[in-house]
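Participant: All chains should be modelled from the sequences, with the hints used to inform the complete structure.
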Amino acid sequence: MIIQLLLIPALVLAVVSSLRSRTSLRGQARRKILAVLTVVAGVLAVMFPNTLQALADWTGVTRGTDLLLYALALVIIYLVGSTSVRFREQEARIVLLARQVALADAALRHVEAMQARSQQAADQAPVAAHRGVEGTAAAR
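All the letters of the sequence shown, read from the start, carry residue numbers 1 to 140 under the numbering used here.
Just so you know, these hints were derived from the structure itself, not from any lab. Hints may contain errors.
[Stated by the list, open to error] Here are the simulated distance ranges between beta carbons:
| hint | residue 1 | residue 2 | range |
| --- | --- | --- | --- |
| 1 | Val40 | Leu69 | 15 to 21 Å |
| 2 | Val95 | Phe48 | 46 to 52 Å |
| 3 | Leu37 | Ala113 | 57 to 63 Å |
| 4 | Leu103 | Phe48 | 57 to 63 Å |
| 5 | Leu55 | Ile33 | 19 to 25 Å |
| 6 | Arg109 | Leu79 | 22 to 28 Å |
| 7 | Leu72 | Ala104 | 53 to 59 Å |
| 8 | Ala121 | Gly27 | 54 to 60 Å |
| 9 | Gln120 | Glu91 | 28 to 34 Å |
| 10 | Pro9 | Arg109 | 15 to 21 Å |
[Claimed, not checked] Simulated crosslink set (SDA-like; lysine to any residue; CA at most 20 Å straight-line):
| hint | residue 1 | residue 2 |
| --- | --- | --- |
| 11 | Lys32 | Val16 |
| 12 | Lys32 | Gly42 |
| 13 | Lys32 | Thr51 |
| 14 | Lys32 | Asp57 |
| 15 | Lys32 | Leu79 |
| 16 | Lys32 | Ser82 |
By construction, the Cβ of each residue, glycine as well, lies at the ideal position given by its N, Cα and C atoms.
Facilitator: Pasting the structure below:
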């Protein structure tokens, strides 16, 4: 059957393309083109249902609805893989961001502690100097 020759490579292509990285501009353009083609195919299937049946007959599928089901299964497989990859990438970005925030927070606390020590030392210096003056006067 022709449908088997079409579905097997389409299934492999859907899985491979859904698992690719989402960050490249080429990948984003590819997804947008795929979305537009899916919408156009859906509109054409609704407007011309006999064409869907003719495609089903040509591919060896008994009904046009079965062909539509196969196509929707491919789209769902693509979406599940794509969503999984997107979540993993977002999780990695969140982990990186959390690490950067933690490091920035630790650095800020370190700077504040150093300033507090410096301020403490500055506050104690005049008192020590004053005590030193009184101590030398009392010794006389």
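Participant: Give a verdict on every hint.
Facilitator: Outcome of the hint check:
A C-beta distance of roughly 19 Å is found between Val40 and Leu69, which places it inside the suggested range of 15 to 21 Å. Between Val95 and Phe48 the C-beta distance comes to about 49 Å, which sits within the given range of 46 to 52 Å. Taken as a hint, the range 57 to 63 Å holds for the pair Leu37 and Ala113, whose Cβ atoms sit roughly 59 Å apart. Leu103 and Phe48 have their C-beta atoms about 59 Å apart, which keeps the hinted 57 to 63 Å range intact.
Distance hint for Leu55 and Ile33: a CB-CB separation of about 21 Å, consistent with the stated range 19 to 25 Å. Separated by about 44 Å at the C-beta atoms, Arg109 and Leu79 break the suggested range of 22 to 28 Å. Checked against the given bound of 53 to 59 Å, the beta carbons of Leu72 and Ala104, roughly 47 Å apart, lie outside it. Taking 54 to 60 Å as the suggested C-beta distance range, the pair Ala121 and Gly27 conforms, at roughly 57 Å.
Look at Gln120 against Glu91: about 43 Å separates their beta carbons, and that is not inside 28 to 34 Å. Checked against the given bound of 15 to 21 Å, the beta carbons of Pro9 and Arg109, roughly 57 Å apart, lie outside it. At roughly 17 Å between alpha-carbon atoms, Lys32 and Val16 fall within 20 Å of each other, so this suggested pair holds. Restraint check for Lys32 and Gly42: satisfied, since their Cα atoms lie roughly 15 Å apart, inside the 20 Å limit.
With a C-alpha separation of about 25 Å, the suggested pairing of Lys32 with Thr51 is violated against the 20 Å cut-off. This hinted pair does not check out: Lys32 and Asp57 have alpha carbons roughly 30 Å apart, beyond 20 Å. A distance of roughly 13 Å separates the Cα atoms of Lys32 and Leu79; the hinted pair therefore holds under the 20 Å criterion. The straight-line distance between the Cα atoms of Lys32 and Ser82 is roughly 13 Å, inside the 20 Å bound, and the hint therefore holds.
In terms of the numbered hints stated before, the structure departs from hints 6, 7, 9, 10, 13 and 14, listed from lowest to highest.
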